[in-house]
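Q: Sequence:
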Amino acid sequence: AIWFFILCTFALYTGSRAYAPDPQSIRARAGEKGGTARFEGILVELPAERVWSNGKKALEAEFRVARIESESGWEPCPGKVLMRIDPAPEIIPVVGDLLRVGGYLTLPEGPKNPGEFDRRKHLRSQGLDYLFRVHPADLENTGRRESAWLERLAAGLRAHMLRATSLGLEKDPEAAGLIAGMLFGYRDGVGQDLREAFRNTGTLHLFAVSGQNLAVVAGMLLWILAVTGAVRWRWAWMTLPAVFIFCLATGMQASAARAFVMTSVLYVGWVIGRPMDAANWLGASLLALLIWDPLQVGDAGFQLSFLVVAGLMVFSASWQKKIVDWGRADPWIPRRLVAPWRRGWTKIWLIVATAVASSAAAWTGSLIPGLFLFHQIIPVALAANVVAAPMAAGVTVLAAISSLVAPFFSVGSVGLNLVNARLVHFLAAALGWMATWPGGHFSMADPRAWFDHGPWVKVLAVEGSAPTLISGVGGKWLLEPGSTKGWGNSLRPFLNWHGIQGLDGVGLMAGTAERMAGAMDLMEGWRIGWWAETGLGGKSGALKSWRGEMEKSRIGRRFWRVSDQVRLGEDWTGEILWPPAGDGGQAEENGIVLRLSCGEARLLWAGAISGAVERELVLAHGDELRADILIQGPSKSMEANLSRAWLEMVRPKTIVRWERGLEDDSSLSVDFADLTWLEGVEVLKLKETGCLTLRPDPEKGIWRLHSWTGR
592 AIWFFILCTF ALYTGSRAYA PDPQSIRARA GEKGGTARFE GILVELPAER VWSNGKKALE
652 AEFRVARIES ESGWEPCPGK VLMRIDPAPE IIPVVGDLLR VGGYLTLPEG PKNPGEFDRR
712 KHLRSQGLDY LFRVHPADLE NTGRRESAWL ERLAAGLRAH MLRATSLGLE KDPEAAGLIA
772 GMLFGYRDGV GQDLREAFRN TGTLHLFAVS GQNLAVVAGM LLWILAVTGA VRWRWAWMTL
832 PAVFIFCLAT GMQASAARAF VMTSVLYVGW VIGRPMDAAN WLGASLLALL IWDPLQVGDA
892 GFQLSFLVVA GLMVFSASWQ KKIVDWGRAD PWIPRRLVAP WRRGWTKIWL IVATAVASSA
952 AAWTGSLIPG LFLFHQIIPV ALAANVVAAP MAAGVTVLAA ISSLVAPFFS VGSVGLNLVN
1012 ARLVHFLAAA LGWMATWPGG HFSMADPRAW FDHGPWVKVL AVEGSAPTLI SGVGGKWLLE
1072 PGSTKGWGNS LRPFLNWHGI QGLDGVGLMA GTAERMAGAM DLMEGWRIGW WAETGLGGKS
1132 GALKSWRGEM EKSRIGRRFW RVSDQVRLGE DWTGEILWPP AGDGGQAEEN GIVLRLSCGE
1192 ARLLWAGAIS GAVERELVLA HGDELRADIL IQGPSKSMEA NLSRAWLEMV RPKTIVRWER
1252 GLEDDSSLSV DFADLTWLEG VEVLKLKETG CLTLRPDPEK GIWRLHSWTG R
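Per the numbering used here, the sequence shown starts with residue 592, numbered consecutively.
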């Protein structure tokens, strides 16, 4: 009760700080709107590279602002922003450089779909209220600032660890990325497929710097201290600066900050000769972190880290004792009479019991945040962590030694990295296999989805596609899985948010990678009733791979062509209007056009058809195209669609439009805006509205629309 009161107090304090910032700060000046600005400040972390869908690159880094340029000159303006330099400059600034940059200040995007990661909330918990978009031409590097020596030291250590752990692994970037991720939380080198395997086995925490990482670093430092003859309890505190710099090099994640504070409290206990109670140890660390940065209260990583450690402290010791008792020899038998093999087995059983009890306790601690934050329960994590945690500890130890010896013994570092590569590949293969276990992970619906009854259609806001979930009596069906990136960032969290374990049917509405590559991920671990596609095209590598997997697994498919009737449960009926039977050419890009009906309510799902296909559909179907809702995105070739003849025949009341990457939508011209205004047509851009929920009235033939973002 005391700690709950303290948490509530700091939550209120955090809110007061958010609503009453320093009058000179960026937040007080920019408010919720942002705008153009010119800042002077220091780069405080290594820039991370971002690659857009069109292949162009940008850089993102944390930028600590000191001053802002105004009409009267430079004025104090403290704050931090996430600076994005787009496109990436030829000469990359380094940590500690004093920069003068001009750009546009905007709020980070919030979640556009249910279940999506709230990046805005996460960045705010890190003290980053804004995204600052900068062009390289507006960046002026005035040189190194000597006062930023600590940031440069941490960045140098991070760069050194990245280089050291990749020595000898130039041809194996996957292994190098996994090793760096387990040592200091570097995730950019871990591919999407591997992340899915770690996520589905509840072992993604291995890439978060925590007590295990700090135990390795602190243990090495204490060993070096012991070699000098120093007494641990008296001189251990001398290693804290090095541990702190390591934490800074990792980005000072919530779990790293918690582990550092707990290490500091432990060392203080050694110095003053006081035993450390587990609850007081964790509580003191929690209080210290909240005093240091109360914004951490709202960070999911902060909450998860403390709950997992609390689970370990509360349950692991008692559970370990019970498990050890199951494999222990009869205590009434004298030890000299116990067979040698039995004594050896007792030692092995103690190790197994410790691993099992720790895994179960950590899983129990993560259960509540897993339900409410990630909408998942992962039973396979109980077994996966028994395997993964000891192996990850071994990888971390070898990686730390490799980083330590690399400057003066590179051959030894290469040898350690090669051994580590074998370990991480074995670990990845084992977790990939565990991720496919039936019932290994399943979704739990958000409370807001419990009462989401009745027929409805939800269109997700995803770049380059419009994954559409249809619900009604008899099941749930998905049109268009979208890209691999869209699957990981939006569609999978969306399905978890609804508590969906499987789908009664999936329609691949086009063959291009940005609209169907997510089908490969959907095949793994999700129950699918049936699959449907056109059966045409075949140039797309993603489509070929998916068809190959389907044939290998001997899974049947439905082929949708013009005039085919589709029945989706009791509420929904559909008719395929495109492609024609035997059609080839651009069918892979144009995809499927489906008219969906729920009683008198009609919806036309037109994908990304071109203007030429619109003309053919108008000639072939005429008034049959009529629908109150038209879902249609820009064509692959960026040829203008949504022609006047097409709109006059469909006569939509609402047009739902998705975006295609960074390209301009040529169809949304001034003439188009005039036409829709005259006809009373509402144009909803998913980029602005977020996920749209469409609820039909089968008797009246009308639709009720609801936007996830409230716009």
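Wrong hints could be hidden among the right ones.
[Stated by the list, open to error] In silico lysine-lysine, DSSO-like type, Cα no more than 30 Å apart, as pairs:
no., residue 1, residue 2
1, K624, K647
2, K712, K648
3, K1135, K1244
4, K712, K1135
Please keep in mind that the hints were generated in silico from the structure rather than gathered at the bench.
Please read all numbers here as calculations on a predicted model, not as lab measurements.
Q: For each hint, tell me whether it holds in the structure or not.
A: Results of checking the hints against the structure:
1. K624 <-> K647: holds, 28 Å
2. K712 <-> K648: holds, 25 Å
3. K1135 <-> K1244: Roughly 38 Å between the alpha carbons, so the hint for K1135 and K1244 is violated.
4. K712 <-> K1135: The given pair, whose Cα atoms are some 39 Å apart, is violated under the 30 Å limit.
Hint check: violations occur at hints 3, 4; the rest are consistent with the structure.
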